[in-house]
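A.B. asks: Chain residues, written in single-letter form:
Protein chains: 2
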Amino acid sequence: MKFEVTILGSSAALPTLQRNSTAQFVTCCNRSILIDCGEGTQMQMRKFGVRFQRLDIILISHLHGDHFFGLVGLLSTMRLLGRDAKLTIICPKGLPEIIVQQLEVGHAQLDFDIRFIELTGKEHEVVYEDKSMLIETVPLKHKIPTNGFVIREKPKERKMRKESLEHPLMKVEYIHRLKKGEDIVTESGDVLKSLELTDASKPACSYAYCSDTAYAEKIIPFIKDVTVLYHEATFTEQHRELAKATMHSTAKQAAEIARQANVSRLYLGHLSARYADGKQHEEEAKEVFSNTIYVEDGMSFLVEN
Amino acid sequence: MKFEVTILGSSAALPTLQRNSTAQFVTCCNRSILIDCGEGTQMQMRKFGVRFQRLDIILISHLHGDHFFGLVGLLSTMRLLGRDAKLTIICPKGLPEIIVQQLEVGHAQLDFDIRFIELTGKEHEVVYEDKSMLIETVPLKHKIPTNGFVIREKPKERKMRKESLEHPLMKVEYIHRLKKGEDIVTESGDVLKSLELTDASKPACSYAYCSDTAYAEKIIPFIKDVTVLYHEATFTEQHRELAKATMHSTAKQAAEIARQANVSRLYLGHLSARYADGKQHEEEAKEVFSNTIYVEDGMSFLVEN
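Residue numbers (the numbering used here), protein chains in the order written: chain L, 1 to 305; chain E, 1 to 305.
Treat the hints with caution; some may be incorrect.
Copies of the same chain are indistinguishable here, so a pair counts whether it falls within one copy or spans any two.
[What the hints assert, rightly or not] Cross-link-like lysine to any residue pairs, in silico, SDA-like; alpha carbons within 25 Å at most:
(1) LYS93 x SER264
(2) LYS141 x HIS107
(3) LYS93 x VAL105
(4) LYS131 x GLY49
(5) LYS244 x LEU110
(6) LYS86 x VAL50
(7) LYS143 x SER290
Think of the hints as simulated: they come from the structure by calculation, not from any bench.
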């Protein structure tokens, strides 16, 4: 499974015919993750061929409607389709009650396990970890408590070369240590060198999602050196004052964050409905950080160097 | 403004790529009415050119998610677009709290007036009336309290013929009475006959919306002789047992209701996701009631004889 992001919705608060409310589907280390779930996300998943029964984790950044109004519908559909796998939902405090209340009035109890992890949006913390990846929060600067997220692959083991397995001194118990980069001194005193018998794996990559937020340098330490940064860019420079007043960012401000955080690539989204597309955003951002692209619904990209 | 219905969503509980969750837009006597509001209704309104800022009344049949999960998003969008006209929402008891709670967590109070009228789903009653139309509830038979609705034009006044206005004995004060069908005896003792001086207007029409419901003959008196009946037809005859178990109807059962209620036309919708389209539904219904059509998202039809 590749480390890949699919944009399900790229609009700001008002959806348009071209841009649905915010949602992104991420695959990383055999996990399927949904970030935010604006109204209509389940239809976007169908449209773009995302198999939502495979979702393991849902991350909700904050409780403005364009980031969570689609969650209850998605959960209802999972239930109707007979889901029984458990699901982890990492979300702001208060969301579980809202979901449960809406289902209870229709006598539609969910019959699969959901583990809710409720956040305050105030602290940088690791909220999920398994043997190959972890998810951290990034406290953002917005009108209500809001978290960005960083999804990180853990450093990967080296790969055994095929021919190394046929080495006359090789034993099964050496393999794990060699993959970790350890050299082995055999009983006969010979040395098996990891660098000679294994190849390096692809470097661990990371994806940072920062939406919604005003320009906030405080987030830079948390997203430093990530491979790909998605940063909201609700406005262009023409509406810089409006960005400030609404606690959103301009494309240029997003680029400034990307530059200071030394990321490899920047994707811009959460575009206000006043813009037909993100061309102007991209142009303005590139003055500060050249490796910038604006997203559109249905776009997929790999998180790799 | 014509008495017209636009289908915004025709699916059952599971939306598909072709069919969105239930919603219908109705214009009648200069009123704009939304019936039900499944997830994605605001996007469907945009797609089909329905101007939602003009909505006067929203009717919600029941609290299964596919009939109301889109309401909070629609109201949020109305707010963001600066709505100030008041709105009437006629809905099951309990819905206002759900809406308010979801907006409050995002600090998004609605700043236009909403008059909520909460119903129990148990009684046939007039829930809205103005000088030209009225709306009645139809208690349906479903798993949770559910209302259908009948939207009725009031009987219309006759129309004055142009040449009648030039009649030598005509006075302004006679016109209203002649339009009502009254004959006038003038001061001179002459008689002005309404039938000779006015033309009949088009007859008053009516639209009945019955979704979701099991086969229920108890509803027939409430929808007797309506011009157009929309009746749910979640299943075909092949799944008659499933219809019974889930308290939905087959197309043939919907046709049976239409026949006994002596309606002019029948539209079928709320089709289960297992069917690619409603051709089979229509075919089966026509065996019982020939003037039957299945609906698709985006379809519009007039309510007229």
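A.B. asks: Look at each hint and say if it fits the structure.
C.D. replies: Comparing the hints with the structure gives:
For a Cα distance limit of 25 Å, the shortest separation of LYS93 from SER264 qualifies neither inside one copy, at 33 Å, nor across copies, at 53 Å. Taking identical chains as interchangeable, the C-alpha atoms of LYS141 and HIS107 lie at most 25 Å apart only when they sit on different chains, with a minimum of 15 Å there against 38 Å within one chain. Proximity of LYS93 to VAL105 under the C-alpha cut-off of 25 Å is found in both arrangements, the shortest distances being 21 Å within a copy and 10 Å between copies. With identical chains, the CA atoms of LYS131 and GLY49 are never at most 25 Å apart, being 28 Å at best within one copy and 50 Å at best between copies.
For the homomeric pair LYS244 and LEU110, the shortest alpha-carbon distance between copies (23 Å) is at most 25 Å, but the shortest distance inside one copy (41 Å) is not. Taking identical chains as interchangeable, the C-alpha atoms of LYS86 and VAL50 lie at most 25 Å apart only when both belong to the same chain, with a minimum of 18 Å there against 40 Å between chains. When the C-alpha separation of LYS143 and SER290 is checked against a cutoff of 25 Å, the pair qualifies neither within a copy, at 30 Å, nor between copies, at 58 Å.
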